[in-house]
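A.B. asks: One letter stands for each residue in the lines below.
There are 2 protein chains.
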Amino acid sequence: MRKEQVLNAAEQCFRAEGFHAASMSRIAAGAKMSVGHIYQYFESKEAIIIALCERRFSEFEKLLTAADQGMHAASASFVEAWISQFAWWIDPVRAPLTLEIMAEAGRNPKVAAVVMGIDRHFRDIMRHSVVPLAKLRPEEQIEERLEAIIMLAHGMTSRITADPNANPDRIIAAFRLAVQTLLT
Amino acid sequence: MRKEQVLNAAEQCFRAEGFHAASMSRIAAGAKMSVGHIYQYFESKEAIIIALCERRFSEFEKLLTAADQGMHAASASFVEAWISQFAWWIDPVRAPLTLEIMAEAGRNPKVAAVVMGIDRHFRDIMRHSVVPLAKLRPEEQIEERLEAIIMLAHGMTSRITADPNANPDRIIAAFRLAVQTLLT
DNA sequence: ATAAAAAGAATGATCGTTCATTCTTTATAG
DNA sequence: CTATAAAGAATGAACGATCATTCTTTTTAT
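If you're matching them up, the sequences are chains Y and L in order. Quick note: the first sequence uses the UniProt record's numbering, first residue 1, plus one each step. Quick note: the second sequence uses the UniProt record's numbering, first residue 1, plus one each step.
There could be a bad hint or two in this list.
[To be verified] As a list, the in silico SDA-like pairs of lysine to any residue whose alpha-carbon atoms are at most 25 Å apart:
no., chain 1, residue 1, chain 2, residue 2
1, Y, LYS45, L, ASN108
2, Y, LYS110, Y, TYR41
3, L, LYS45, L, LEU63
4, L, LYS45, L, GLN5
5, L, LYS110, Y, ASP91
6, Y, LYS110, L, ASN167
7, Y, LYS135, Y, VAL93
8, Y, LYS45, Y, GLU4
9, Y, LYS62, Y, GLU139
10, L, LYS110, Y, ARG15
11, Y, LYS62, Y, ARG15
12, L, LYS110, L, GLN5
13, L, LYS45, Y, SER23
14, Y, LYS135, Y, ALA67
15, L, LYS135, Y, ARG176
16, L, LYS110, Y, PRO168
17, L, LYS3, L, VAL35
18, L, LYS110, Y, GLU4
19, L, LYS110, Y, ARG94
20, L, LYS110, Y, VAL93
21, Y, LYS135, L, GLU140
22, L, LYS110, Y, PRO164
[What the hints assert, rightly or not] Partner residues aside, some chain Y positions facing chain L, computed with beta carbon under 10 Å:
no., residue
23, LEU99
24, MET102
25, GLY155
Hints were generated in silico from the structure; no laboratory data involved. All of these numbers come straight from a predicted model, not from anything done at the bench. We put the CB at the ideal spot given by N, CA and C, even for glycine.
Hey, can you work out the whole structure from these sequences and the hints?
C.D. replies: Written out as structure tokens, the structure reads:
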């Protein structure tokens, strides 16, 4: 679809230059379309930004629900497998744009709404599928633990973005240790 | 000083609009100076961005070294006091700009260098003053624990930025629980 | 021939930066 | 002390480039 074409090109531009430094003409060039043509599919540049945020949202949502389904085959190593899926967060290609989205969320309420949607869903899935497996007792500050795990996930994108030469395995290892510590 | 005047105005503009959407003319208006005059103190807009990153760097560095000095009066509650200082990271006024810096670090190597400087110093201080107090044994994956704490700190800024109505105390409480869990 | 798809020129605003100019202060000379 | 010269601070208009968006034209397909 044409929309996908635009979003793919926009994703590349936004990653390289940021939302506001990227230009419609360079996005058009990347999408091999004319600028005017893009405006038949998106009413403005901001609409492209929002659509891109939502696409990223659904990517991660797919991972989350997949994890939720896998839960039914519950095993001791499920938490371990669940953690591995967080490689998504530190894909060095994906992380910079995720961070750009987070920064934009600070000033664009529409973007903030999308991000809050991710985080809420993220937390719900954890409460529903991971917490029972970890056999945490209710009095053990479960909400704080979930909040900390979300923070860790966001922190991973910051770390990998600031230092692109950082070893992703090292980052994931730290995340794994922290989550295991928090869930036992 | 005039430089401070510019940096203060730039900080406001950058926070409200981001590095690339903010304009020199609006920065000048905020600083109550003319655009031309600003160029006598900063050779370019990028120079302002870098200077601002470094100023933020030194703010947090001050906190870190203060914590390092306080260590000599070592007590069981020192780690607790140390944690409290991290309120800095989630000042809702400061967090959005910190996140903007992180996003910019993903594409501007000069900014990335500043950020990596913070994180390295942060880790060094922890290794030198917090780890001994926590009485962690060397084999207990200390580096992973430190990495996780840095991730938590960065994650806090993301969380508070995406949801400005979030309760900072709740965020700090999660951070405190996670750090305590990681250091014992 | 008609309608949809696509292109790209045109528009007006704004960008970062420069520069000729004016104002304000300090230094020098009588 | 006063008048003049030099220096530095500050201005804002002007520049060329580029921005997001619109509009007219051309291409394509039915």
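A.B. asks: So, for every hint listed, does it hold in this structure?
C.D. replies: Results of checking the hints against the structure:
no.: 1; hint: Y:LYS45 x L:ASN108; verdict: 23 Å, holds
no.: 2; hint: Y:LYS110 x Y:TYR41; verdict: 19 Å, holds
no.: 3; hint: L:LYS45 x L:LEU63; verdict: 28 Å, violated
no.: 4; hint: L:LYS45 x L:GLN5; verdict: 15 Å, holds
no.: 5; hint: L:LYS110 x Y:ASP91; verdict: 22 Å, holds
no.: 6; hint: Y:LYS110 x L:ASN167; verdict: 20 Å, holds
no.: 7; hint: Y:LYS135 x Y:VAL93; verdict: 35 Å, violated
no.: 8; hint: Y:LYS45 x Y:GLU4; verdict: 15 Å, holds
no.: 9; hint: Y:LYS62 x Y:GLU139; verdict: 31 Å, violated
no.: 10; hint: L:LYS110 x Y:ARG15; verdict: 17 Å, holds
no.: 11; hint: Y:LYS62 x Y:ARG15; verdict: 22 Å, holds
no.: 12; hint: L:LYS110 x L:GLN5; verdict: 23 Å, holds
no.: 13; hint: L:LYS45 x Y:SER23; verdict: 19 Å, holds
no.: 14; hint: Y:LYS135 x Y:ALA67; verdict: 17 Å, holds
no.: 15; hint: L:LYS135 x Y:ARG176; verdict: 22 Å, holds
no.: 16; hint: L:LYS110 x Y:PRO168; verdict: 22 Å, holds
no.: 17; hint: L:LYS3 x L:VAL35; verdict: 13 Å, holds
no.: 18; hint: L:LYS110 x Y:GLU4; verdict: 33 Å, violated
no.: 19; hint: L:LYS110 x Y:ARG94; verdict: 21 Å, holds
no.: 20; hint: L:LYS110 x Y:VAL93; verdict: 20 Å, holds
no.: 21; hint: Y:LYS135 x L:GLU140; verdict: 24 Å, holds
no.: 22; hint: L:LYS110 x Y:PRO164; verdict: 13 Å, holds
no.: 23; hint: LEU99; verdict: 4 Å, holds
no.: 24; hint: MET102; verdict: 5 Å, holds
no.: 25; hint: GLY155; verdict: 3 Å, holds
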